[in-house]
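**Q** Each chain, letter by letter, is given below.
2 protein chains.
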Amino acid sequence: VRAIDEAAELLSRLPGLGRKSAVRIAYHILKSDESFARALAERIVRLKASIKACSVCGCYSEGDPCEVCSDPGRDRGLICVVEQAQDAASIEQAKEYAGLYHVLGGVIAPLDGVGPEKLRVRELLARLEGVRELIIATNPTVEGDTTALWLQRLIKDTGIVVSRLASGLPVGGDLEYADRLTLSRSFRGRTRVG
Amino acid sequence: VRAIDEAAELLSRLPGLGRKSAVRIAYHILKSDESFARALAERIVRLKASIKACSVCGCYSEGDPCEVCSDPGRDRGLICVVEQAQDAASIEQAKEYAGLYHVLGGVIAPLDGVGPEKLRVRELLARLEGVRELIIATNPTVEGDTTALWLQRLIKDTGIVVSRLASGLPVGGDLEYADRLTLSRSFRGRTRVG
Chain A
1 VRAIDEAAEL LSRLPGLGRK SAVRIAYHIL KSDESFARAL AERIVRLKAS
51 IKACSVCGCY SEGDPCEVCS DPGRDRGLIC VVEQAQDAAS IEQAKEYAGL
101 YHVLGGVIAP LDGVGPEKLR VRELLARLEG VRELIIATNP TVEGDTTALW
151 LQRLIKDTGI VVSRLASGLP VGGDLEYADR LTLSRSFRGR TRVG
Chain B
1 VRAIDEAAEL LSRLPGLGRK SAVRIAYHIL KSDESFARAL AERIVRLKAS
51 IKACSVCGCY SEGDPCEVCS DPGRDRGLIC VVEQAQDAAS IEQAKEYAGL
101 YHVLGGVIAP LDGVGPEKLR VRELLARLEG VRELIIATNP TVEGDTTALW
151 LQRLIKDTGI VVSRLASGLP VGGDLEYADR LTLSRSFRGR TRVG
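Listed in order, the protein sequences are those of chains A and B.
For the first sequence, my numbering begins at 1 and goes up steadily by one.
For the second sequence, my numbering begins at 1 and goes up steadily by one.
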């Protein structure tokens, strides 16, 4: 049936959905009542319409500046640099950090043709006054580490402390299943406990 | 951000999507261009609006009767009985079967309070004239087998051959997830049970 195939085709472009799961979802929508399909469609459209990037930090937000940037309770001396907006959302959920964010919009990846000029670096430099620590929370990948190193050198002379999120074994994880790189890092980054 | 949470909440009600995948999909929609979100929303609504159950066989269709029921090239002496409409769609993809379908709308499941009277059995009986074989393609589960046995007894005296799809489908599995080759083989190897 064409309408099912068409819906499944679009659904299968979403991350994590293959052809079969997309078809299954299409049938599920068919079987559920119409109000569900309408609500789902409406929220998808509203998502795009109501959310923009914060003009200060680049996080997704319904207002501008975003909730974090406009919260007087956040520590303005700390900026956490992330690759993409959802990384900031993940960090928010951990409820551990009370500073501000800065979304780079990617990482330096010469093989993909992404140089520093394609990232929101200039916007970051414009925000550094009054900042005492920059926490670079790019992913612990080759590109993420390269980007962190590059940023660290860039602001070396400002006197701002630059830190990097600790990398090591995931909490609740099993040493037996850790990959060698993670294990090496967890050794190098070991902390004294006694 | 509220709009993201709301969209993720609805998305996580779709089959196979947990909370994390729903959030990931919401961010993906945010990052893609607006035409994609619009097209996706539109197809979800169109899905419900344009597709109905065929009044003859019960399959999902944009017209009534459906494409299969109104195709003069299909063998009207064969009816394949399936639990739900998407099972017929899976069988169509195997391109092995050229008869008609009948959607039961479920299986006999006493524990869930589903007796034969809740299934489209009367509609099936009304279609048996001129039929020489009934292929019962309910899932190879306890309920599917029970329903097959019950149907077989019900039409025993009509002289119509009753068959069941051959094993080849993993026992306890779900027809919806069978690959095309397995489905084809199970059609060719179907065994007469009555």
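Everything labelled a hint here was simulated from the structure, so no lab data went into it.
Owing to the predicted nature of the structure, the values given are computational and were not obtained by experimental measurement.
Warning: the hint list may mix true and false statements.
Dumping the calculated DSS-like pairs for lysine-lysine here, alpha-carbon to alpha-carbon at most 27 Å [stated by the list, open to error]: (1) Lys31/A - Lys20/B; (2) Lys20/B - Lys31/B; (3) Lys31/B - Lys118/A; (4) Lys31/A - Lys95/B; (5) Lys20/A - Lys31/A; (6) Lys20/B - Lys52/B; (7) Lys156/B - Lys31/A; (8) Lys156/B - Lys20/A; (9) Lys118/B - Lys52/B.
**Q** It remains to establish, for every hint, whether it holds in the given structure.
**A** Right, here's what the structure says about each hint:
1. Lys31/A - Lys20/B: 24 Å, holds
2. Lys20/B - Lys31/B: Judged against 27 Å, a Cα distance of about 17 Å means the pair holds.
3. Lys31/B - Lys118/A: 16 Å, holds
4. Lys31/A - Lys95/B: 25 Å, holds
5. Lys20/A - Lys31/A: 17 Å, holds
6. Lys20/B - Lys52/B: 33 Å, violated
7. Lys156/B - Lys31/A: Outside the cut-off at roughly 33 Å; violated.
8. Lys156/B - Lys20/A: 37 Å, violated
9. Lys118/B - Lys52/B: 19 Å, holds
Hints 6, 7 and 8 from the list above are not met by this structure, while the remaining hints are.
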